[in-house]
Every structure is written in structure tokens, then in C-alpha cells.
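2 protein chains.
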Amino acid sequence: MNKSKHTFFCPDLDSGTLDEVEAGHAMRVLRLQVGDQITVINGNGRKLTATILESTKKSLTFKPIQEMAEEAIKIPLHIAIAPTKSNDRFNFFLEKCTEMGLSAITPLKTSNSERKVFKAEKGVKTLVSALKQSGNLYLPDLTEQINFKEFINQEFGATKKFIAHCENDPSKVNFKDCFTEKNEDILILIGPEGDFTQEEINLAKEKGFTPVSLGNSRLRTETAGIIACHTAYLQY
Amino acid sequence: MNKSKHTFFCPDLDSGTLDEVEAGHAMRVLRLQVGDQITVINGNGRKLTATILESTKKSLTFKPIQEMAEEAIKIPLHIAIAPTKSNDRFNFFLEKCTEMGLSAITPLKTSNSERKVFKAEKGVKTLVSALKQSGNLYLPDLTEQINFKEFINQEFGATKKFIAHCENDPSKVNFKDCFTEKNEDILILIGPEGDFTQEEINLAKEKGFTPVSLGNSRLRTETAGIIACHTAYLQY
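Protein chains in written order, with my numbering: chain D, 1 to 236; chain R, 237 to 472.
Note that these hints are calculated values from the structure, not bench results. Warning: the hint list may mix true and false statements.
Okay, derived cross-link-like pairs now, EDC-like style, lysine to aspartate or glutamate, Cα gap no bigger than 20 Å in a straight line [as the list claims (entries may be wrong)]:
| no. | chain 1 | residue 1 | chain 2 | residue 2 |
| --- | --- | --- | --- | --- |
| 1 | D | Lys5 | R | Glu429 |
| 2 | D | Lys132 | D | Glu114 |
| 3 | R | Lys321 | D | Asp88 |
| 4 | R | Lys241 | D | Asp195 |
| 5 | R | Lys397 | R | Glu420 |
| 6 | R | Lys352 | R | Asp431 |
| 7 | R | Lys443 | R | Glu429 |
| 8 | D | Lys5 | R | Glu403 |
Listed below are several chain D residues computed to face chain R (Cβ distance under 10 Å; list not exhaustive) [to be verified]:
| no. | residue |
| --- | --- |
| 9 | Gln133 |
| 10 | Ser134 |
| 11 | Lys176 |
| 12 | Glu222 |
| 13 | Ile227 |
| 14 | His230 |
| 15 | Tyr236 |
Example chain R residues on the side facing chain D (calculated, C-beta under 10 Å, incomplete) [claimed, not checked]:
| no. | residue |
| --- | --- |
| 16 | Asn323 |
| 17 | Arg325 |
| 18 | Phe328 |
| 19 | Gln369 |
| 20 | Ser370 |
| 21 | Asn372 |
| 22 | Ser407 |
| 23 | Val409 |
| 24 | Ser453 |
| 25 | Arg456 |
| 26 | Ile462 |
| 27 | Tyr469 |
| 28 | Leu470 |
| 29 | Tyr472 |
Beta carbons are placed, not taken as given, at the ideal position from N, Cα and C, and that holds for glycine.
Pulled out of the complex, with its shape left as it was, chain D reads as follows (with noise of 0.2 Å):
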């Protein structure tokens, strides 16, 4: 029973059973066998070394060995963003958010938004992919596609909540002045490659959003988006 070097990814740990992607790539990519020892993490924060007890093509059961006690990073920073009409790009901010251990992530549909159409679903194999081979312990939220107008219109509680745009605006502070407290709930808003338009601007700071500059470079969304998590990275 050698030490494992492959992490497997399953949200209920209690069921004991990797789902058919994890229990394929673990039997016929990395061709692990019964009384292999694996480490399987479920996304919230918990790891546990196990063993393969039992396989079919389609699934594996696996008998937990020990509890791994770890500190894992999850930064409590929600990015709201409009996708990238490339995915690769779209998915490169995914993979580097994670890596970073972002709390969540809503894709945003804007007015000047390229890409009309986002599946959570396959955003999500980038986010389980990033975070196995991470090291990290929690796997960002990730929701279905979401209406601008409908997102801002909804209640976040305590949670500070910041619009970044590239429109000339003296009320614009910088992002990483805006941290105060420890541990404190923080949403920002990162528009498409078009910037979001004057009016969205204005809703959102009716709706109580503060402007924010990332910098004075001209960012690609994903980068602006990168960036903004670092931000927040840094204050941990």
C-alpha cells in the first residue's frame, strides 16, 4: 500500500463512492488498483487519506484511513464577472482564483457582454482540476449565469460591495484601500471586455456598490479579475 500522490474529488465523503469521471480517471487513466491508497477532498474544507475497496468502470468505493487535519485558504471575496468571450481565458481566471482559494464566483450577463452563454457545469471541472492539483481545500462557488440588473437587485447583507470600471469617475477608490476588518464579506463587480455601460454604473451605485480602480493599467476582464482576487489574497 504505497503513500498516494493522487488526489480524487468527492463533494459527500460520507457516501464512500467517487463519482464515474473521478472513479475513470483513477482506474483506467492512472490504472490504480483495489487496496491503493488515495486522498480524496471534498471541496469544503476536509481531506482524507483512504483506500480503494472496491471497482467498476463506472464507480470506486473507497474506506477512509484517517481525517487530514490542514489549514486551508479560503479568502471570503464573491467575484461577480462577466465571462470572456474566450474560454481559455475565462478558464485561466478560474483556475488562478481557486488556486488562490476565492469563496465564490457568479458569471455576470452585461449589456456589452461577448459571451452570452456560460454553463456552470464545465466551469466547474476547471475549478475541481485547479483544486486537486492545488493543494487547496476549497472549491469556489461557482452559479449559473446571472442577469446584471437581477444580480445587483438582490439582498448581501453585511457584505461590502464594490463596482470596478475603467469610466472616468471621481467617486473611484482604489480596491486595496477598501479592506478594513479582517475577514469581512467582500463582492465585487467585474464587467466585459466593453466595461460595463454608463447605466449599469449608475443602478449599481444606487443599489450601494462603491466604485473601485484595480490600478491604472488598462486589465483585461480576466486579468482585472486575477487581479482582484489577489487583492484580497494579500490582506491573509
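Since the structure of chain D is provided, determine the placement of chain R on it from the hints.
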């Protein structure tokens, strides 16, 4: 004569001539014509508007109209980094650093490098494309790949030198806390997928490189590079 939305790269503005690649892009792809207005940048802080004077399939001459006085960001940070096995990942790093205005990039060949050969010529294409898109005016200086030991044995004058590595090392400090003066020159070494070897870390320390951490997550090489760049970017 329409206002130009198209930016071209020309390292020697006084030559008044775009090279074959840029000329081809202007004439064959964008189908610009003699008399059209273009924007030309030299990658070293200068930006002109100009008129197309003459063009063939292989070259394009332009006549300057106006020198644009724009401020652009140039972060006095030099990142020496082992290129990743995946070209896409390294290109993404090159692009993000160009958006943020990094000064210099040196590709390193290290003991654990999965990528033994990296041609600067191809990387420069990525940088130029990112520069034109970003609106920044400084092209990072990208040198040919160099052996780790050869690189760290160079003299770097007053530059503050750091090495980011993942080994347990009580002498490590947080990179974000290493910025004390405005505009100080900083050099950071970032290792390959398998990290620097202990021997490389020791050699760097002997040469005056301070070991630093970029945070508590296990970051991919290109993520570490982007994050190091953004940490410096936040100082400006």
C-alpha cells in the same frame, strides 16, 4: 482621415517604417489604406499618431502627425522565472505582466526545469501583442534563457534580490513586505513546476538573494509570476 483605433509597434519611430509583420497586419488583415491614420508605439514610452504614406505587402511607411504625451506604468521589477512546460501558461504570464507594466523578464534554466529550451523571439511576439492591446507603453525586456547559476552570479548593483521558493525555510519573509522605497529596483527568482533545488536556494542565498513567500497557497509557476508582478504593481 479617420481617427485611428489601430496601434502598431515600431521600435525605431524615426525610421518611419513598420516591419513586415506589422505592415502585413495593417494592409492585409485590417485593410488600411494610404492616408489612413494609425497609432504607433515604440515600446519604450513613446506614442505617435501618424498617417500611412506608402505601403507594399512587405513594408509600410508613415508620417508622424503628433507625439502623444501619455503617462504609462513601468514597474521597476525584474522577474527571472523558469518557463513552464505549457507554452500557453507561460504566454499567459507574459501577457499579464505586460498589462501591468513589468520592466524585465529573464527565462531561467534550472535543475528541475521541465522546459529546457525557450526562444525569446516567440515570447516577444506575445509581449508586443499584449502591449498593443493593453495601451501600456513599455515593452518588458525579455532576454534569452540563461542558466540559473550563470544568472545569479551576475552583478545587479543596488537591486534588491529575492528568491521565491516552497521549501520550509524560517528565514523566509513575505514578498509584499519587501517594498520600502518608491522606485527601488527589485529582482525576484521564480522556480519551475518542481521548485528550485535546495542547492539552488543555498547558492542564491550566498549571493544575497532573500528567500520570500508569495502566500500560503501552492501556486503554479505562472501564477507565482503574475502574483509577484501584481504585488509590485500595487506599490504604484
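Under the criterion that the straight-line Cα-Cα distance not exceed 20 Å, is the pair D/Lys5, R/Glu403 satisfied?
-> holds (18 Å)
Chain D contact restraint on R/Arg325 - CB to CB distance below 10 Å: holds (8 Å)
- Would you check the hint for D/Lys5 and R/Glu429, treating anything up to 20 Å between C-alpha atoms as holding? holds (16 Å)
Take the shortest C-beta to C-beta distance between R/Ser407 and chain D; is it under 10 Å? violated (21 Å)
Exercise for review: For the hint on R/Phe328, just tell me whether its beta-carbon gets within less than 10 Å of chain D.
Suggested key: holds (6 Å)
Next item in the hint list is R/Asn372. Is there a CB on chain D closer than 10 Å to its CB?
Given a least distance of 6 Å, the restraint on R/Asn372 holds.
Does the CB of D/Ile227 sit less than 10 Å away from some CB of chain R?
-> holds (6 Å)
So, as I understand it, the hint says R/Tyr469 touches chain D; can you test that by seeing if any CB pair is closer than 10 Å? holds (6 Å)
May I ask you to test the interface hint for D/Gln133 with respect to chain R, counting a Cβ-Cβ separation under 10 Å as satisfied? Check passed: Cβ of D/Gln133 comes within 8 Å of chain R, closer than 10 Å.
(message) Min Cβ distance, D/Glu222 to chain R: is it shorter than 10 Å?
(response) OK, holds: D/Glu222 within 10 Å of chain R, min 9 Å.
Does D/Tyr236 pass the interface hint, meaning its C-beta sits closer than 10 Å to a C-beta of chain R? holds (8 Å)
Next on the checklist: Does R/Ile462 hold up as a contact with chain D if the rule is Cβ-Cβ below 10 Å?
Outcome noted: Since chain D brings a Cβ to about 7 Å from R/Ile462, closer than 10 Å, the hint holds.
Violated hints for the displayed structure, listed by number in ascending order: 2, 7, 16, 22 and 23.
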